[in-house]
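**Q** If you read the sequences in order, they're chains Y and R. When we follow my numbering, the leftmost residue of the first sequence carries the number 5, and every step to the right adds one. When we follow my numbering, the leftmost residue of the second sequence carries the number -5, and every step to the right adds one.
It is worth saying that the hints were derived from the structure and are not from the lab. Beta carbons are placed, not taken as given, at the ideal position from N, Cα and C, and that holds for glycine. A few of these clues could be false.
Only part of the chain Y face toward chain R is listed, based on derived beta-carbon distances under 7 Å [said to hold, decoys possible]: (1) 211; (2) 270; (3) 342.
Pairwise CB distance ranges (calculated) [claimed, not checked]: (4) Y:36 x R:26: 55 to 63 Å; (5) Y:173 x R:375: 27 to 35 Å; (6) Y:157 x R:340: 26 to 34 Å; (7) R:336 x Y:31: 54 to 62 Å; (8) R:65 x Y:155: 20 to 28 Å; (9) Y:64 x R:83: 52 to 60 Å; (10) R:162 x Y:157: 28 to 36 Å.
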Amino acid sequence: MVSILRILGVILLALAIPVAGWAADMGAIQRAANKEGTVTWYSNSKKKVNQKVAKVWKKAYPKIKLRHVRKGTGNQVPTVEAERMAKKVRVDVMNHTDPATFLRWGREGFLASFNAPNDKKLPAEFVDKDHYYRAVSIYLHPGVYNTKKVKAEDVPKKLSDMVKKKYKGLTVSATPRTSGVEFPKYLTAVNRYGWEFVKGLADNDHLLQKGQGAVLRMVLKGERPIGVGNTSYRIWGAMKKGRALKPIFYEDGTVMITVNLGTPKAAPHPNAARLLINFLISKKIQKLMVKNHFYSARGDVGKPKLAPALSSLKILKADNEQLIKARGPFFDKFDSYFGMK
Amino acid sequence: MADDSLAPSLVGRLVRRAASGVSELRHTLRNEPIKFAILIGAAILLATLVGWPLGTLFWKGFQVKGDGPLTLDNYISVFQEGGLIDALENSLYISTWTTLFSLILAVPMAWAVARTDMPFKTLITAASAATFVVPSFIVVISWIFLLGPNEGGITLFLESIGLKLPFRIFSREGLIFVLTFHLYPLIFHTLTSAMANMDASYEEAAGAVGAGKLRTLWSITLPLMLPALVSGVILVFLDSLALFGAPRAIGLSGRFHVLTTKIYVLFKHPPRFELAAAAALPLMAFTVVALWLQKNILGRKRFTTVSGRAGAVRPIELGRWKWAMLAFCLAVVFVSLALPVSTLVVSSFLSSWGEPISWENLTVESYAIIADSPDVYSAVSNGLRLSFSAATVCVLLAVAIVWLVERTEIPGRGLLSFLAMVPFAFPSVALAVGLILIFIHPPFDIYGTLWIIFVGYVVKRIAFAYIFARNALKQLAPEMEEAARVLGAGWLRTMGEITLPLLKGGLAAAWVLIFSISLRELTMSILFYLPGTETMAVIVFNYFEDGTFEVASAISVVILLISFVSVYLVKSIIGKGVQEI
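The task is simple: from the sequences and hints, build the whole structure.
**A** Shown next as structure tokens:
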């Protein structure tokens, strides 16, 4: 009799534990999160956006302190990997723009599987099948140009136009080796146009920078008035401030970037982490993201004010498997065309 | 036959030296327990802060993914990495020319400031220290917008008068230009502190026998300054080898790698930290070579120029030439500080960055935003506290280590020298990872607090203090300390009343440099910071990355002002103190 009760108890306990494919009991999670009292979030989003999110969080969960740290993908991944190597993870929730790293983390068993109730609100293509991660926001990677330096009729229409001689010495982009969002763009370009595209850019005195911020500075200053690609939220943010910039949505397609969100298995505050994940993909926060020029994967929150509807654009998506497999050799070959062994 | 006799005699010598060192240790423990505790404590602290994290990284380098069976694969794969030789060649080319040009700028400046009656000397000193405060990523951005081939301010100005820049900013020569004007203060400060300590009677004697000012400089002053000169050269050479921010920005655009950017590639997608130590080996080898060269160049010669016999330091009168020297110094300060900083100042007053300067585009809004931002206050406070503490601890620790190395026969002094110097050329990203590996676990669980940033600054910059303190101690005749001991003063009293006051000039220069560099440190701070531990450079970096260039520029200007005032005050106080000695 006792053993039957024990077996029943184990079964009930197992049912209570949220696993992939089972929607989590957010009430229980919140009670446990309240006891944890804090949650640390590494986010690649602007500090101002993180601060706005934190304000809403404080109202919703006053007992749990949200420690948000703005860390771009380039600094966030090494920080998390260093914590991981030290076998003592400090981060509870992280989001960044490198989908291949999330895929690798999931496969290496680093991430916790969590079926957030709000995962259901996202189209399946934006949620990992094992619920290791999901898209917290989306943005595009269009071209960009300085409207004071480039006449409307001279603006390139296609990505492939960038290798034309008329744009020699005028273009800039970030290198895929250090910019998480640049790799999917160049990978899709090489898939479509072959390595001739990269060679054409290199021969055209194309300038490489380390990240998206540096590219936008070059375009704004007019030193290189055409950016082969930049993050759409930066472009719209700058346009809203009155900068002389415009995006170029290429006729041959614009690459879409997803900002993924997940939590490590060894997170110090696992319940608060789950609560934060569900909160970040809630309607309220997704609306806030849209207000700050990000697209949302949710269908019920609209689109950024300056942005075209995604359905009106030709959207390109990189294959995650290819992003993982092609990475090293792709970077080496890319560098070699630019004379950097 | 000769070889057979050499080996035992060498071994015998080493054994005798070790035995004498051990007996000295025993004697110190018995008779001067406080001295023993301070010196051994300093050695243990250095080993913990530097040896432990770097040793752990090395150990991980012998494991698959830093956690598996022992292997040499990581070391082999690093040296098979394509392009490493090219990167090494670029690094050597850039560092050699940067050092040479820095010498050309810094030697006359240091002489003019330390030994002559040229006016505005404190201003020149503070300005050259302030050059160091501007974060290097901002310096590079400023130079790119001044010298950019399409829209650079100076490029366009030169073109308008029919001239052309002699080099492209996006090239190895462009990088040499930027690094020279960024790093020359290292030689300048090393030399000024040593020259200020110099006994003026040597130069006066040369003058009395009819030597001219230039001949005196060439045959008396500079040879006596050899330890400082060699140290300054080593600092600039190693720093230009170890720098990452400027080479990344310019090298990427100029399509070339240097060692540090090549190493950085190994830390990306996915980061392979187990390669960190292996990848840093070439840089560490240069540190060892530099220490070896320093030892051999200086040999057993004596450079004691502070002997207790000196009278008041009388400045050399330059007559009308003092204005020519001032013009030279001001020109260097103008290029190294005023030009890049002026772009920051202008940007900080623009309402729309990137637009031309006009009345409509001018505003003070960025400064209003700063005034309303508690983050900025907290970052300024963190930055000042961290830099002040790091500079102070570096100097105190360095004095103890240098004393151990220079004034005792204790075995392991070479290792202490190596530990003090090796983090200098070690890539900051790798160093940060090593520190996280150690300082995330009890009993030293300081990751996520200001303490780990403090430790990072101390470890990275202890070499500065070590070099300055060693130079200063080499200048000091040991007879003065011995005389004090003979008269019955204890070690602590001799240190407090004789040694430290006489080392004050060199130590103050080290303190100012470490303080200035720590204020702008970014690479480690950006990996370490969590809420509440942002530093000034982190705030500036984040504002730049978020596209708020005007506010980022305004914060940079404020940081620069704070630093300039701090350095000016310290130099004024210390300068007065030095004259009182």
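**Q** Determine for every hint whether it applies to the structure shown.
**A** Hint by hint, here is what the structure shows:
1. The beta carbon of residue 211 of chain Y is positioned within 7 Å of a beta carbon in chain R (closest approach about 5 Å), and the interface hint is therefore held.
2. A distance limit of 7 Å between C-beta atoms decides the matter here; for residue 270 of chain Y the minimum to chain R is near 12 Å, and the interface restraint is violated.
3. Look at residue 342 of chain Y: its Cβ gets to within about 5 Å of chain R, closer than 7 Å, so that hint holds up.
4. Checked against the hint of 55 to 63 Å, the pair residue 36 of chain Y and residue 26 of chain R passes, with Cβ atoms roughly 58 Å apart.
5. The hinted window of 27 to 35 Å between residue 173 of chain Y and residue 375 of chain R is violated, with their beta carbons roughly 45 Å apart.
6. Take residue 157 of chain Y and residue 340 of chain R: their Cβ atoms lie about 33 Å apart, and the range 26 to 34 Å holds.
7. About 60 Å separates the C-beta atoms of residue 336 of chain R and residue 31 of chain Y, a value consistent with the hinted range of 54 to 62 Å.
8. Between residue 65 of chain R and residue 155 of chain Y, the C-beta spacing of about 59 Å breaks the proposed range 20 to 28 Å.
9. A C-beta distance of roughly 58 Å is found between residue 64 of chain Y and residue 83 of chain R, which places it inside the suggested range of 52 to 60 Å.
10. Separation of residue 162 of chain R from residue 157 of chain Y is about 30 Å and conforms to the stated range, judged on CB atoms against 28 to 36 Å.
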